[in-house]
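From first to last, the protein sequence lines stand for chains A and B. Numbering of the first sequence is given in the numbering used here, commencing with residue 1 and proceeding in unit increments. Numbering of the second sequence is given in the numbering used here, commencing with residue 1 and proceeding in unit increments.
Just so you know, the hints here were simulated from the structure itself, not pulled from any lab data. Quick caveat: nothing in here was measured; it's all calculated off a predicted structure. Do not rely on the hints blindly, as some may be mistaken.
No copy is singled out in the list; a pair is fine if it fits within one copy or between any two copies.
[To be verified] Think about it this way: if two alpha-carbon atoms lie no more than 25 Å apart in a straight line, the pair counts; the simulated DMTMM-like pairs of lysine to aspartate or glutamate are:
no., residue 1, residue 2
1, K352, E429
2, K249, D259
3, K298, D323
4, K417, E67
5, K258, D85
6, K258, D159
7, K277, D261
8, K417, D427
9, K249, E451
10, K352, D323
11, K277, E233
12, K298, E426
13, K417, D432
Protein chains: 2
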Amino acid sequence: MAHTEYGYLTPENLALFTDLYELTMMQGYYNQNHNPTATFDLFFRDLPPNRGYMVAAGLEQAIHYIETLSFGERVIEYLTEHGFDEEFLSHLETLEFTGDVRALPEGTPVFSNEPLVEVTAPILQGQLLETIVINQIGYQSLIATKAARMRDMITQHGDEQSLVDFGSRRAHGSDAGIKAARAAYIGGFDGTSNVAAGEAFGIPIYGTMAHSWIQSFTSERAAFETFVDEYGEESILLIDTYDTVSGAKTARAVAEEKDIDIAGVRLDSGDLTALSKEVNEILAETDLFISSGIDEFKIRRFLTNGGVGSGFGPGTALVTSTDAPKVEGVYKLVAVEEDGDMQPSMKLSTGKVTYPGAKSVRRVERDGQYDRDILALRDEDCDGGEQLVSVIEDGELVYQFPDLPAIQERARRSVSKTPPAIRQLEDPERYDVQIGSGLDTQTTSLRRQLESQHS
Amino acid sequence: MAHTEYGYLTPENLALFTDLYELTMMQGYYNQNHNPTATFDLFFRDLPPNRGYMVAAGLEQAIHYIETLSFGERVIEYLTEHGFDEEFLSHLETLEFTGDVRALPEGTPVFSNEPLVEVTAPILQGQLLETIVINQIGYQSLIATKAARMRDMITQHGDEQSLVDFGSRRAHGSDAGIKAARAAYIGGFDGTSNVAAGEAFGIPIYGTMAHSWIQSFTSERAAFETFVDEYGEESILLIDTYDTVSGAKTARAVAEEKDIDIAGVRLDSGDLTALSKEVNEILAETDLFISSGIDEFKIRRFLTNGGVGSGFGPGTALVTSTDAPKVEGVYKLVAVEEDGDMQPSMKLSTGKVTYPGAKSVRRVERDGQYDRDILALRDEDCDGGEQLVSVIEDGELVYQFPDLPAIQERARRSVSKTPPAIRQLEDPERYDVQIGSGLDTQTTSLRRQLESQHS
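Put together the whole structure using the sequences plus the hints.
Here it is, written out as structure tokens:
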């Protein structure tokens, strides 16, 4: 019964990337003829440790799922085997999304409790989106944020070192490898080593050489010579297979012998700051790329201590967001149709707040910096510019997705407008997200009403 | 240029899931007519913090990549645009793996420096596999280990609670969602909520209901009644949308009204231990599933403090292995053909040891427990049973992949043979991996030789 060939997600099984309970509930809504319009919010209740802001990312893939949603033959066959009703499955075969989606554009800083995506649709449709939308937006936002921290650290030092994602191999599976490249680009990276991501998203791809290239020749010198014979001035030589300083000298000797300027050398181990200075003495005109366990903290240390480098290649720490590997995105029902009107809705589960009703995210600036946000009811009168944009209306895409460089530009500009205290690598201050008075009143009164019903 | 539709990996772009430098090196090997046979080892230099063992997993997907490897039209077109040579690309179009693979069977405990996979092939072929093989085996091993820790904790308490993966939404992308379900099953889980994983791997799928189901009705009672009308005795009701104890009473009332035994209730928030006892007072005959931030530490606390539950649904902590979200698998060249003979090879990069040569992993048992391993040269005479098995010979699959229940059984049996001190959740003792005297001598003499060449 196991389909080895289906170990990856393809258009044929994409609709199955969902939790069983979504389908179970959908069948219940359908069979019980209970399909009110509902509004769901995707948001982060709390930001991960040491995160004063998150950079929203992943919207385009979430919307792609909604737009291309299709329950094909293979999916229906599996669900039939698992006991779903024929009539319900016939309904799925023709299912198309007919609702509305509003969202924060990718590259926008987002804070606690603010909806990144708001879906309003018949509940049967809105329910289905939960799993994949949290999955795609949560992960890309996590990585775009990690990347933005690295770019910000370089900018704060007045530097412009390049940043290239080298993390594919250590990402959590193949989709993470590809999506990390995209999210890192949004957060301010220059490119990726992942060729599939390059092809999928038009991201610049970069690469150097591995230790295995060096080892496969009888000497490091022969390895360098052969690579330079092949790639000439584009060559980037890995100099630390045996001894970094000796490797740097060999790289110089080969460049002199061939009478060319090589593009650069790469350093992948040891005391990076000290070695970078030594290498720079030997190869003053040659770019030096650093790729050993790089994260925003190591970049800070390197730059603060006067390390000399022209680029960094973060890997594992970037793609797993090692210091904060999770962000617990939730997708909660906040309003539901009753007798033709949308009524606010919330759950009370211990220690978890959900603000009811369709909302507005307002951002107030002062002196060119973000001063505070106001999370308000959708039509509430309050200060600040609305951050949510309309993406899908009545099932039709009405949003023009910006290209990735434009999203990166948005992220750079908006991260720079986020106050430095919020952007600190450790113990950032908490950004002020105020609750609009209308939303506050609605939350309090609904809570009171529900508590009195259930105590 | 960006292909939005290609945001997921499919058979058409799978070959591109690699780092650019692999392809650059491959072209260099090809054009420079340098394609010696090489042996690469995939291993973990260090285990993650608080891990005394790792459970090997992901081999079947890694081998699937090797077996189905194909550079089709779309891939060739992209590589052409990126300046690769026509002749090299023609070579790729007909490329098939012709080498040998030996590996640790999935479900086997693995320790520092032991090869999980050993590839011997023309270097051009062997080089390509690095990225995807580390990616798939690293991630699944990480999650199988996390899962095994949870199963082990339950077993140590003499219990048999069920474990179901509820993590899809918080996994790092869609592939992680699917592969986590598989790896968790290997590590001792009973099933997953991920429908795509169920279909792909024949894993049992489970689900309950979400808070949104409850909220979409005018009362919790109406929500329960409608669900029970639809699913009868299979119903598992979520009782903590408003108030857990009140929810449990409502569930009981609905079951009495309908005169059926419901399958269970689920608890997703609050003080789990205390609430589980209260709920058990109300619904003594009903299974209670616990799904709030579950990991092995929370399971231990729950069981130690007398919590009453019949199953756990770990999510985020499982699929991101939150307490140890990375394992730095490496894929290193350990031997290379020279004048027709395989010569051991190693790099010396600061602080990183690689043992040269094709190897043997021997496991020595004493009194039914693992006593020590010996990492030795392949043909070295030493104690213990060989752990590596032959998977591919001369490009042909010679290994019969066990089905998932058999792999799970192997993992359970072998984890139970791993000494308790190695299995501790915190600060485990380090398992004894000895270096065989032949390998030790070879390592020392090769190191000395390389150091004298490069100082």
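My question is about K298 and D323: at a cut-off of 25 Å on alpha-carbon distance, are they close within one copy, between copies, both, or neither?
both (12 Å within a copy, 21 Å between copies)
25 Å Cα threshold - placement of E451 relative to K249
between (74 Å within a copy, 15 Å between copies)
Checking an output row: K258 and D85, CA cutoff 25 Å. Within, between, both or neither?
The answer is between: 22 Å across copies meets 25 Å, while 72 Å in one copy does not.
State whether the alpha carbon distance between K298 and E426 is at most 25 Å within one copy, between copies, both, or neither.
The answer is within: 13 Å in one copy meets 25 Å, while 27 Å across copies does not.
Quick one: K417 to D432, C-alpha cut-off 25 Å, is that within a copy, between copies, both, or neither?
Result: close within a single copy only, 14 Å intra versus 54 Å inter.
Status of D427 relative to K417 across identical chains (alpha carbons, at most 25 Å)
within (19 Å within a copy, 44 Å between copies)
Using 25 Å as the alpha-carbon threshold, which applies to K277 and D261: within, between, both, or neither?
This pair counts as within: shortest intra-copy Cα distance 19 Å, inter-copy 73 Å.
Within, between, both or neither: how does the pair K277, E233 come out at a Cα-Cα threshold of 25 Å?
This pair counts as within: shortest intra-copy Cα distance 23 Å, inter-copy 71 Å.
At most 25 Å between alpha carbons: which applies to K258 and D159, within, between, both or neither?
Neither: 32 Å inside a copy, 70 Å across copies.
Homo-oligomer pair classification [E429, K352; C-alpha up to 25 Å]:
within (22 Å within a copy, 39 Å between copies)
Given a CA cutoff of 25 Å, do K417 and E67 count as a within-copy pair, a between-copy pair, both, or neither?
neither (33 Å within a copy, 50 Å between copies)
With 25 Å as the alpha-carbon cut-off, assign the pair K249 and D259 to within, between, both or neither.
Classified as within; 15 Å inside a copy, 84 Å across copies.
The structure shown violates the earlier hints numbered 4, 6.
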